[in-house]
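Chains A and B are the protein sequences, given in the same order. This note's numbering numbers the first residue of the first sequence as 1 and each following residue consecutively. This note's numbering numbers the first residue of the second sequence as 116 and each following residue consecutively.
Any given hint could turn out to be false.
Said to hold, decoys possible - Selected chain A positions facing chain B (Cβ under 7 Å, derived; list incomplete):
| # | residue |
| --- | --- |
| 1 | L26 |
| 2 | G37 |
| 3 | Y92 |
No wet-lab data here; the hints were simulated from the structure. Glycine residues also receive a C-beta, built at the ideal position from the N, C-alpha and C atoms.
2 protein chains.
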Amino acid sequence: MPEKKKHDHSALVDMLHRELPDEEHLCDLADLFKIFGDTTRMRILYSLFESELCVCAISELLGMTQSAISHQLRVLKDNHLVANRREGKTIYYFLADDHVRKIIEQGYEHLTEEE
Amino acid sequence: MPEKKKHDHSALVDMLHRELPDEEHLCDLADLFKIFGDTTRMRILYSLFESELCVCAISELLGMTQSAISHQLRVLKDNHLVANRREGKTIYYFLADDHVRKIIEQGYEHLTEEE
DNA sequence: CGTTCATATGTTTATGTATTCATATGATAG
DNA sequence: CTATCATATGAATACATAAACATATGAACG
């Protein structure tokens with residue numbers, strides 16, 4: 001039997017290992033928060049709190065190029081945080097889900113209660 | 116007076132500009148979510164859901180070097196998501212705030228309701 | 001159909017950052 | 001005060017990614 005040296009946690013570690021959710025779920029969760037973790041995307045999402053907006057309205061509002069906004073809208077759409085509808089040439093984006101609001105509001109609470 | 120060309124949103128943009136919270140707040144919010152947006156940090160936080168743990172227990176549990184864990188614990192601590200206490204040579208880390216649980220749970224809900 | 005407007009996408013570049021490796025701190029025991 | 005254990009930190013490297021730029025798609029209109 002192996003000598004027990006130093007700080008030994010094997011029992012605790014074994015137990016917790018059984019309790020932790022799959023790595024995959026935790027990874028998905030991190031990936032979700034990563035989407036919120038960018039100022040441009042956060043500003044876009046916040047813009048859409050009020051109402052749906054077309055791409056060029058968002059560009060003007062945030063003072064950024066249409067390309068930059070389009071790229072980020074794609075990320076948001078791929079992750080089901082926004083959706084869009086077409087009206088002629090114009091495409092309107094809107095929040096896909098009420099969870100988006102809740103997640104952001106929860107984060108906001110953390111910040112404000114901290115100061 | 117300037118000719119009105121193309122798609123014009125100036126009125127809408129002006130209005131929304133007044134409604135958007137400061138850039139600073141939105142940036143802070145993105146920075147907060149950025150912390151959750153890393154698999155290692157997410158795994159650490161999840162480990163601490165059960166109970167406080169010392170650094171080397173976390174390292175063993177996640178199968179990562181002590182250094183990597185220490186670096187990430189520093190990020191988490193600087194952002195007030197975890198706190199620690201000393202007991203001799205050992206330092207125990209724990210969740211700093213119940214918001215941490217809530218934010219993660221909210222994200223988890225979004226993921227599960229989606230599939 | 002060819003032009004124009006709204007949006008999307010591919011590529012490049014610059015910046016941020018997670019991990020590793022080496023080393024430092026700091027507490028305890030002897 | 002020296003050795004050892006737990007943890008922290010500094011520097012280097014490797015990888016991810018946001019924005020810019022150029023170009024492509026795709027709808028409407030004459």
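Comparing the hints with the structure gives:
1. L26: holds, 5 Å
2. G37: holds, 3 Å
3. Y92: violated, 12 Å
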